[in-house]
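Trainee: Residue strings, one per chain:
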Amino acid sequence: MKHISSVILLSLLSLMVVAGDAPEEKRWWEKRVDQRPALYFPHNAHDQAMEESGVLCLACHPFGKIDETDPEAVGEMSAVANEPLEAICHSCHVEDRSAPTECRLCHPDPKKIWPRDHDLDYVRLHGPDALEDERACSSCHLDLNYCVDCHFRRDAASHREHGLGYRLSHGLEARMDPQKCSSCHNPSYCFDCHREIGP
Amino acid sequence: MLFCLLLATSGHALELSSRHHPVAVAIPESMTLPDGMRADDKGRLTCATCHGIEDLEDKRREDIDVEAEDFLRGGPWKKLDAFCFQCHDEKPYQRLNIHVQLDEKGAPREETCNYCHRETPDREHPPERDEVELRLPVERICLGCHLKTPHLNALAHSRKVEEKMLENIQAAEKEHGIILPLDGKGHVTCVTCHSPHEKGVIDPQHPAGRQTADRGVEEGPEYLPSRWSPIYQADKEERLPELEKKLGRPVTLQYRRLAAEVLMRLPARDGSLCRACHSFDD
Chain A
149 MKHISSVILL SLLSLMVVAG DAPEEKRWWE KRVDQRPALY FPHNAHDQAM
199 EESGVLCLAC HPFGKIDETD PEAVGEMSAV ANEPLEAICH SCHVEDRSAP
249 TECRLCHPDP KKIWPRDHDL DYVRLHGPDA LEDERACSSC HLDLNYCVDC
299 HFRRDAASHR EHGLGYRLSH GLEARMDPQK CSSCHNPSYC FDCHREIGP
Chain B
82 MLFCLLLATS GHALELSSRH HPVAVAIPES MTLPDGMRAD DKGRLTCATC
132 HGIEDLEDKR REDIDVEAED FLRGGPWKKL DAFCFQCHDE KPYQRLNIHV
182 QLDEKGAPRE ETCNYCHRET PDREHPPERD EVELRLPVER ICLGCHLKTP
232 HLNALAHSRK VEEKMLENIQ AAEKEHGIIL PLDGKGHVTC VTCHSPHEKG
282 VIDPQHPAGR QTADRGVEEG PEYLPSRWSP IYQADKEERL PELEKKLGRP
332 VTLQYRRLAA EVLMRLPARD GSLCRACHSF DD
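Residue numbers (this note's numbering), protein chains in the order written: chain A, 149 to 347; chain B, 82 to 363.
Source of the hints: derived by calculation from the structure; they are not laboratory data.
Virtual Cβ for every residue (Gly too), placed ideally from N, Cα, C.
Among the clues, some could well be false.
[To be verified] Sample of chain B residues lacking proximity to chain A, with all beta carbon distances greater than 10 angstroms (derived):
id : residue
1  : A235
2  : E254
3  : H268
[What the hints assert, rightly or not] If you anchor each label on the Cβ, the simulated ranges turn out as follows:
id : chain 1 : residue 1 : chain 2 : residue 2 : range
4  : B       : G258      : A       : C285      : 50 to 60 angstroms
5  : A       : T217      : B       : D284      : 34 to 44 angstroms
6  : B       : G329      : A       : H274      : 37 to 47 angstroms
Build out the structure end to end from the sequences listed, making use of the hints.
Mentor: Below, the structure written as structure tokens:
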């Protein structure tokens, strides 16, 4: 009997210890952060920029008056009201580019935001898509250098847009379809040479 | 004064609930009916005056859609009493704003003090925090007038603060010379962020009296349109339909810039109030 009592006492004590160590239940916004681990938002880093633009905490986390009285419904509404998504972040980081545009700053793992067709071989196969709808590319690749870094490389034969010696023969293509040139080159690129040596 | 819209059925004619607005009463000369509402040729209120349905009294209950949005003229009405106040003066029906605590001479109106306090505190010798005797526990006393969810995020904040946050709160109290009182269990509550006292009731140099009051209590806070509003609404577009489906009613979430605050312990519009509790590693 004494043995059984000790076992029960020990069990209760261990339960209490476990309960005491149990972490406090996470708040709803902490759970949401767990669901979006690939998104990084440094609050402190935004302080100064947001203060200058007059947009502060309440812009993303509004405390506006509501008529809703059902606590459960208010919880649901608060969750939606409180969580900035793409439109808010991208308004500065993509649309008006008043904030840094490097994707990796906020999306440390770019694979989480890559389109599905951006698989391993897409680097080789992207050409037709880019020709068909360049805007689709530039909706993420904001900086033209993303294209130029490869296409203008001169230290690797595989990435060259134009073959060796193209400089000598480019005039024909330029006369046939000048628009094609201008998809990468701006007019000053032509003038840099033609201004001096003529047509 | 609210209408009871439930109409009892009895054969052909409709019987009105005892709480229904009287019909066939003469409309006083002092009352002006809003556009679209008409009295009968003897100047009396009829069913059609409010409901816009002719001969409503002769119709069968089954033939009337009391759920129709315009069953009360001009509907749908978000607040039913807004319909009533088209004809009736709203002021006599308004609840006393107990936060308007000073009279014209700047003296406290005792009846407003006693609304929450068991005894009017001595203004010259204000009681310590634990000496204040309220009629209800501090975490419940606001809810009698203000509904449980007066604004977004209110409920989400009604939680016990962690140790780190408590340190932040204490540091903010010291830095700003204010109080950010928690309830008896260490939970954030209404008065943690909001001062219940009109500016000037408590000595503004006293931590309990220091507050953000850009406007008078009767004016309330001011919200202005913002260039951020369309961005905010675009941000919510994707999730609102899902939420509306879940709640079974339309939901509007909008951003308006908080331009003036009142009865706040620290300003919220520049984030100072938020930062009193919340800190971030980066």
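Trainee: H268 of chain B clear of chain A by more than 10 angstroms, beta carbon to beta carbon?
Mentor: holds, 13 angstroms
Trainee: For E254 of chain B, which was marked as not at the interface, is the minimum beta-carbon distance to chain A over 10 angstroms?
Mentor: Since the minimum Cβ distance to chain A is about 19 angstroms, E254 of chain B lies beyond 10 angstroms and the statement holds.
Trainee: Can we confirm that no CB of chain A comes within 10 angstroms of the CB of A235 of chain B?
Mentor: violated, 8 angstroms
Trainee: Is the hinted range of 34 to 44 angstroms satisfied by the C-beta distance from T217 of chain A to D284 of chain B?
Mentor: holds, 36 angstroms
Trainee: Could you say whether the range 37 to 47 angstroms given as a hint is met by the Cβ separation of G329 of chain B and H274 of chain A?
Mentor: holds, 45 angstroms
Trainee: Do G258 of chain B and C285 of chain A keep their Cβ atoms within the hinted range of 50 to 60 angstroms?
Mentor: holds, 55 angstroms
Figure legend: structure checked against the earlier numbered hints; the only hint not met is number 1.
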